[in-house]
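Chemist: Spelled out, the chains give:
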Amino acid sequence: MQVQSLNFKARASDALKDEDLKAALGNVKNGFIGKRAAAVKLVPEWEQIRTEARDLKNHVLENLDHYLLAYEAAVTDNGGHVHWAGSSTDANDIIVDICRQAGARTVTKGKSMVGEEANLNGALEAAGMEAIETDLGEYIIQLAKEAPSHIIAPAIHKTKEQVSDLFHQHHAQYDLHERIVDRSALVNEARTILREKFRCADVGITGANFLIAETGQHVLVTNEGNGDLTSNLPQIQIVIVGIEKVIPTLEDASCLLRLLARSATGQHFSNYTSLMSGPARKEDLDGPEAFHVVLVDNHRTEMLAGELREMLRCFRCGACLNHCPVYGAVGGHAYGWVYPGPMGSVVTPAMVGIENAPDLPHACTLNGRCAEVCPMSIPLPRLLREHRRQTFERSLQTPGARYGLGVWALLATRPRLYQWTTRLGVSLMSRVGRKRGHFRRLLLAGAWTQSRNLPSPQGSSTFMNEYRQRQKQNNDTERLHS
Amino acid sequence: MIHREAILGRISKALGRDGTPVKLAEQPEDVSTRLQATHRHTLPAVGADLVQAAIDNMESVLMSVVRLQTSEECVAAVQWYLESQGIDGKASGAVTVSPGLASMQWPQCYQSGAATGLEQVGVTACIAAVAETGSLVLASGSESPVTLNFLPETHIVVVYESQIVRHVDDVFPDLRQRDKMPRAINFVTGPSRTADIEQTLEIGAHGPRRMHVLLVAGKPGAQYG
Chain P
1 MQVQSLNFKA RASDALKDED LKAALGNVKN GFIGKRAAAV KLVPEWEQIR TEARDLKNHV
61 LENLDHYLLA YEAAVTDNGG HVHWAGSSTD ANDIIVDICR QAGARTVTKG KSMVGEEANL
121 NGALEAAGME AIETDLGEYI IQLAKEAPSH IIAPAIHKTK EQVSDLFHQH HAQYDLHERI
181 VDRSALVNEA RTILREKFRC ADVGITGANF LIAETGQHVL VTNEGNGDLT SNLPQIQIVI
241 VGIEKVIPTL EDASCLLRLL ARSATGQHFS NYTSLMSGPA RKEDLDGPEA FHVVLVDNHR
301 TEMLAGELRE MLRCFRCGAC LNHCPVYGAV GGHAYGWVYP GPMGSVVTPA MVGIENAPDL
361 PHACTLNGRC AEVCPMSIPL PRLLREHRRQ TFERSLQTPG ARYGLGVWAL LATRPRLYQW
421 TTRLGVSLMS RVGRKRGHFR RLLLAGAWTQ SRNLPSPQGS STFMNEYRQR QKQNNDTERL
481 HS
Chain Y
1001 MIHREAILGR ISKALGRDGT PVKLAEQPED VSTRLQATHR HTLPAVGADL VQAAIDNMES
1061 VLMSVVRLQT SEECVAAVQW YLESQGIDGK ASGAVTVSPG LASMQWPQCY QSGAATGLEQ
1121 VGVTACIAAV AETGSLVLAS GSESPVTLNF LPETHIVVVY ESQIVRHVDD VFPDLRQRDK
1181 MPRAINFVTG PSRTADIEQT LEIGAHGPRR MHVLLVAGKP GAQYG
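Residue numbers (this note's numbering), protein chains in the order written: chain P, 1 to 482; chain Y, 1001 to 1225.
Simulated from the structure, these hints should not be mistaken for lab results.
One thing to keep in mind: the hints can contain errors.
To be verified - Here are the in silico distance ranges between beta carbons for each label pair:
| # | chain 1 | residue 1 | chain 2 | residue 2 | range |
| --- | --- | --- | --- | --- | --- |
| 1 | P | K160 | Y | R1178 | 42 to 48 angstroms |
| 2 | Y | P1021 | P | A412 | 42 to 48 angstroms |
| 3 | Y | E1059 | P | G103 | 44 to 50 angstroms |
| 4 | P | E62 | Y | G1113 | 46 to 52 angstroms |
| 5 | Y | T1200 | P | E307 | 36 to 42 angstroms |
| 6 | P | T398 | Y | R1017 | 27 to 33 angstroms |
| 7 | P | P415 | Y | T1200 | 34 to 40 angstroms |
| 8 | P | R100 | Y | A1006 | 23 to 29 angstroms |
| 9 | P | Q235 | Y | P1107 | 31 to 37 angstroms |
| 10 | Y | Q1177 | P | R100 | 39 to 45 angstroms |
| 11 | Y | P1021 | P | H81 | 15 to 21 angstroms |
| 12 | P | A305 | Y | D1030 | 19 to 25 angstroms |
| 13 | P | R470 | Y | A1048 | 39 to 45 angstroms |
| 14 | P | A412 | Y | R1017 | 38 to 44 angstroms |
Unchecked claim - DSS-like mimics (lysine-lysine), calculated; alpha carbons at most 30 angstroms apart, straight line:
| # | chain 1 | residue 1 | chain 2 | residue 2 |
| --- | --- | --- | --- | --- |
| 15 | P | K197 | Y | K1090 |
| 16 | P | K17 | P | K35 |
| 17 | P | K17 | P | K41 |
| 18 | P | K41 | P | K9 |
| 19 | Y | K1013 | P | K282 |
| 20 | P | K29 | P | K41 |
| 21 | P | K282 | Y | K1180 |
| 22 | P | K17 | P | K197 |
What the hints assert, rightly or not - With the C-beta cut set under 7 angstroms, the calculated list includes, among others, these residues of chain P facing chain Y:
| # | residue |
| --- | --- |
| 23 | G86 |
| 24 | T89 |
| 25 | N223 |
| 26 | N226 |
| 27 | H268 |
| 28 | F269 |
| 29 | L275 |
| 30 | E289 |
| 31 | L454 |
Where is the CB? At the ideal position from N, CA and C, for every residue including glycine.
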């Protein structure tokens, strides 16, 4: 999909006015956040597992090429084909080529964020094939021609009435004309239609949660079972996956899976956790005839080289989105690309260029909740600050913002000047505003006071004044006692 | 191949090496060791009574469990369950049994093999069940089609108490003993579900709507192994 991250501010303002979106995002607090907390509480070993997972992934990243080669050798040994794609476009070309050679007309897809990065559906459709998303949420947004607004609940912004409208409009082609609004009836209707697609698909494409170097297997996690139907029914199975997903062994997978399901949905384990490798064996009763994996770089090696390496530990659970107050207020579409929330604000600029998403690293209050809940201990606020440093270095902000930051830097690096200025400011504001108790409008802070009042200082003392006085008092008391 | 070398070159450079793509044969020792010696991570505690822990977890993910004394009771238990759910198992093509369970005395009208996509019920064996998560572990092979785990609306699984292991990690040693890993290993933890519409749980998204476990005391007989 087209990158719209340059318009973050405008899109965020629109989102704030959207009542349906507000209601939909309200569900996050009661749903994801509470369920995760309850699930984590039941595992006293959580922090230990988290530390081990971080170390494990760091070890992999330090040896990434060796593990990828081990994985490649194991897949080949199992009769599968491994392809390498430098960019998203390369990945699309490889996949379209495989589908064309197979004479494919219908392609079923399991949800894949790497596929979203590449707009793989667009590429398949341009090549004259029907590409059908089979995860219910992805299917809904595909009908709506929208990007996912959450990495594990792509249609979280849609009300059931909106889903009902979409189904009514798009399912007429299957001779289903009755409008339904009941949630389970909607799920059933999608099931019926997608079952037929599963049955007649020539190629099935999914992502992968992990690649196991030891065995050449990939791990695929879903709750609906759509990933398994996509993988097992068509003659050709294709996996599209980022190069950072490789891990050493099966035990490493089980360690990460313990964190993934709980962080994502608060489940102990996702409904369907499948390990797969290669085409059907001679003796098998079903399964695909050919198996392909496409390993995608798409700027990941740049992240590996730079300050953002830790971001490659991310396994896309979505916990940082759920706990982010900015995401909670504006939803996923405001971020303008496929990855929203804190992880999106780090990944999007790295993949589409910071000049195309300069506002995203600033869509953050640095409250730190994302880093607190991140199962892979990714220091998201620090990585966002790194992006901010770059936007400043490359002069990507408005002149006003740069000027402001310059003034701030001048003061902040000169303590005496800073204290003198704040004393002056506080005493001025106190004199002007003490009576009313607050400011409704303030020079240079118009945007801030637009939505709330600033309480006015009730004395002319600053924090440093108070601090010094207390220190002095403490010292005096100590002297008295000694 | 151009992409492969380019990506490997970029990784090498990113890791502070000279940018030359590495080869499989150049695998450093700590990587080889890590790949060969199984390294177990911290495992969450699981209740002392494995069977009870497994049952509790299976029920918490909405699978029903019935305990049987011997495998001979399986056929009747399936029929009783289908009746209780209002499913006509006698209808032609309604039930498909995994070939791995073919030696049980099933009614003539049950078919054996991979899923047809038209049956209502699939009955399969498993290679293990996990107490930690309540998962059933199903592996593809000459006697166990994968499609039977996903296409029918009702999935009934025969599990022996001896097949219950404590942690997910305990499933792996037996798999490693085999000449080759099965193509597909499915950890199934409850009927298919989705919460993609308004974050409200709905059962039966794409896979089975119901899952029923026949938990048989003791070990699988040689004929069912």
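Chemist: Hint by hint, say whether it matches the structure.
Modeler: Hint-by-hint comparison with the structure:
1. K160/P - R1178/Y: 42 to 48 angstroms: holds, 47 angstroms
2. P1021/Y - A412/P: 42 to 48 angstroms: Check passed, 46 angstroms falls within 42 to 48 angstroms.
3. E1059/Y - G103/P: 44 to 50 angstroms: holds, 47 angstroms
4. E62/P - G1113/Y: 46 to 52 angstroms: holds, 48 angstroms
5. T1200/Y - E307/P: 36 to 42 angstroms: holds, 41 angstroms
6. T398/P - R1017/Y: 27 to 33 angstroms: violated, 41 angstroms
7. P415/P - T1200/Y: 34 to 40 angstroms: violated, 55 angstroms
8. R100/P - A1006/Y: 23 to 29 angstroms: holds, 24 angstroms
9. Q235/P - P1107/Y: 31 to 37 angstroms: Roughly 33 angstroms apart at Cβ, these two residues keep to the hinted range, so it holds.
10. Q1177/Y - R100/P: 39 to 45 angstroms: holds, 41 angstroms
11. P1021/Y - H81/P: 15 to 21 angstroms: Holds, since P1021/Y and H81/P (Cβ atoms, about 19 angstroms apart) stay within the stated range.
12. A305/P - D1030/Y: 19 to 25 angstroms: holds, 22 angstroms
13. R470/P - A1048/Y: 39 to 45 angstroms: Violated: the Cβ-Cβ distance is about 56 angstroms, outside 39 to 45 angstroms.
14. A412/P - R1017/Y: 38 to 44 angstroms: The hinted range 38 to 44 angstroms holds for A412/P and R1017/Y, with Cβ atoms some 39 angstroms apart.
15. K197/P - K1090/Y: holds, 29 angstroms
16. K17/P - K35/P: holds, 28 angstroms
17. K17/P - K41/P: violated, 36 angstroms
18. K41/P - K9/P: Measuring from Cα to Cα gives roughly 37 angstroms; hence the hint is violated.
19. K1013/Y - K282/P: Violated, at about 42 angstroms.
20. K29/P - K41/P: Between K29/P and K41/P the Cα gap is close to 17 angstroms, so the pair holds against 30 angstroms.
21. K282/P - K1180/Y: holds, 12 angstroms
22. K17/P - K197/P: violated, 38 angstroms
23. G86: holds, 5 angstroms
24. T89: violated, 11 angstroms
25. N223: holds, 5 angstroms
26. N226: It holds, given that the least Cβ distance between N226/P and chain Y is near 5 angstroms, below 7 angstroms.
27. H268: holds, 5 angstroms
28. F269: holds, 4 angstroms
29. L275: Since chain Y brings a Cβ to about 4 angstroms from L275/P, closer than 7 angstroms, the hint holds.
30. E289: violated, 12 angstroms
31. L454: Since the shortest Cβ distance to chain Y is 37 angstroms, the answer is violated.
Of the numbered hints given earlier, the model fails hints 6, 7, 13, 17, 18, 19, 22, 24, 30, 31; all others are met.
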